[in-house]
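Visitor: Each chain, letter by letter, is given below.
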Amino acid sequence: AQSVTQLDSHVSVSEGTPVLLRCNYSSSYSPSLFWYVQHPNKGLQLLLKYTSAATLVKGINGFEAEFKKSETSFHLTKPSAHMSDAAEYFCVVSDNNFNKFYFGSGTKLNVKP
Amino acid sequence: EAQVTQNPRYLITVTGKKLTVTCSQNMNHEYMSWYRQDPGLGLRQIYYSMNVEVTDKGDVPEGYKVSRKEKRNFPLILESPSPNQTSLYFCASSPTWGLSYEQYFGPGTRLTVT
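If you read the sequences in order, they're chains A and B.
Here the numbering used here is used: the first residue of the first sequence is 3, the next is one more, and so on.
Here the numbering used here is used: the first residue of the second sequence is 153, the next is one more, and so on.
None of these hints come from the bench; they were simulated from the model.
Note that beta-carbon positions come from the ideal geometry of N, C-alpha and C, so glycine has one too.
Watch out, some of these pointers could steer you wrong.
Across the chosen pairs, the derived CB separations fall in these ranges [to be verified]:
1) A:Ser16 - B:Lys217: 46 to 56 Å
2) A:Ser14 - B:Gly168: 37 to 47 Å
3) A:Asp97 - B:Leu240: 22 to 32 Å
4) B:Thr264 - A:Ser14: 41 to 51 Å
5) A:Glu68 - B:Lys169: 47 to 57 Å
6) B:Gly215 - A:Pro42: 22 to 32 Å
7) A:Asn63 - B:Asn180: 19 to 29 Å
8) B:Pro213 - A:Ser30: 32 to 42 Å
9) A:Lys44 - B:Gly215: 38 to 48 Å
Here chain B stands alone, though its shape is the one from the complex (with noise of 0.2 Å):
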């Protein structure tokens, strides 16, 4: 089944804890990107990568860091959490960039930062 996968789905932890979420897809998509949803926000973008190394800044993109070491994952860190930044994050891919393709979104990471 084509999917964008996210791990973990949920996730409490406490300040400064350095931490990763995974997103891994199975669709051979060159673009993919990060999105944080907050209530009365809508999403906004994190990072987007375009392929294999290649990463750029979103909107907000603050206390994150990416690596696109692989077409198919691209994972997000946290490495000095703060309760700023809990939020529900989705990761998405498409098949290329340049192009009005749709996004593909995986289900979703809750993350508390206390």
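This is chain A alone, in the form it adopts within the complex (with noise of 0.2 Å):
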């Protein structure tokens, strides 16, 4: 079965430092993994996806993430944190056809000037 779990509920930074938000994973075969962004109240926006090419994915708003399979991880990075950064964050896990997607719990990232 395919699970995630994101190691922090709330991540604080100040403007300008670097960001980590970090989701391990569990999944029976060659993962595709997502990280979804969530600003408040609205849907959610795709942020970068992994799908066995690359293991360094590069996303939009300047962050990325690299899949390290010994680690089962995902944790997505950004040099220099922005104020409209400020999201709730969510790493997601497909199954093997594409159809079904696991999310993490979420990691509400504070941006702080």
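With the hints in hand, could you dock these two chains into one complex?
Guide: Shown next, in the form of structure tokens:
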């Protein structure tokens, strides 16, 4: 069975400092992994996805994530946080048919001025 | 504008009163899905549809029904709502199934069952 664990429910950083949001997954096959962002009172938007090509994936707004099979991790990073990055972030794994999707519990990112 | 729309956006109802939340997409997408979002639990998949007349259960289908009679519409039906179905509901669509396409999410429907 597939599952996702987001290791931090809240992360707080200062503007201009690096962001690290941690995600570990469990999958019985080679997974496809996604990061989505949800701004307050909005729907979700795709940041980036991993589908067994390059292990370092670049997404929108300067975010990137690295797939590490040995550590079953897919952590999201950004070199320099911006106030507009304050939102909730979800790590997602799909089943091998890309029909069912399993979301982590979410990490709320707070960016301090 | 390409979008997924949901109606209503907010709904307060009473236990046992049947309701339908509509979802419509204008992107000719084959795949559509419903999720519920609860604090601390992230999003959980209720049902999904790979095309017209093809639907299947997600992780939490109990108490919900869906239908897909037209490609653009995927309504969520609660025949006898209960307070534990109070949640924020999202509809999503993607071009097709079987590939890792992005899902496009609607704005959400906040449902309260008293």
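Visitor: For the hint 22 to 32 Å, verify it against the beta carbon of Gly215 of chain B and that of Pro42 of chain A.
Guide: Hint holds: Cβ distance 28 Å, inside 22 to 32 Å.
Visitor: If you check the beta carbons of Glu68 of chain A and Lys169 of chain B, does the distance land in 47 to 57 Å?
Guide: holds (49 Å)
Visitor: Can the suggested window of 46 to 56 Å be confirmed for the beta-carbon pair Ser16 of chain A and Lys217 of chain B?
Guide: holds (48 Å)
Visitor: Looking only at beta-carbon atoms, does the pair Asp97 of chain A, Leu240 of chain B fall within the given range of 22 to 32 Å?
Guide: Given a distance of about 23 Å, which is inside 22 to 32 Å, the answer is holds.
Visitor: Measuring from beta carbon to beta carbon, are Ser14 of chain A and Gly168 of chain B in 37 to 47 Å?
Guide: Holds: the Cβ-Cβ distance is about 43 Å, inside 37 to 47 Å.
Visitor: Between Pro213 of chain B and Ser30 of chain A, does the beta-carbon spacing fit 32 to 42 Å?
Guide: Since Pro213 of chain B and Ser30 of chain A have Cβ atoms about 22 Å apart, the given range 32 to 42 Å is violated.
Visitor: Honestly, do Lys44 of chain A and Gly215 of chain B meet the 38 to 48 Å range at C-beta?
Guide: violated (26 Å)
Visitor: Is it true that the C-beta distance of Thr264 of chain B to Ser14 of chain A lies inside 41 to 51 Å, as the hint says?
Guide: Violated, since Thr264 of chain B and Ser14 of chain A (Cβ atoms, about 31 Å apart) do not stay within the stated range.
Visitor: Do Asn63 of chain A and Asn180 of chain B keep their Cβ atoms within the hinted range of 19 to 29 Å?
Guide: Taking Cβ atoms as reference, Asn63 of chain A and Asn180 of chain B lie about 28 Å apart, which means the hint holds.
In this structure, the hints that do not hold are numbers 4, 8, 9, in rising order.
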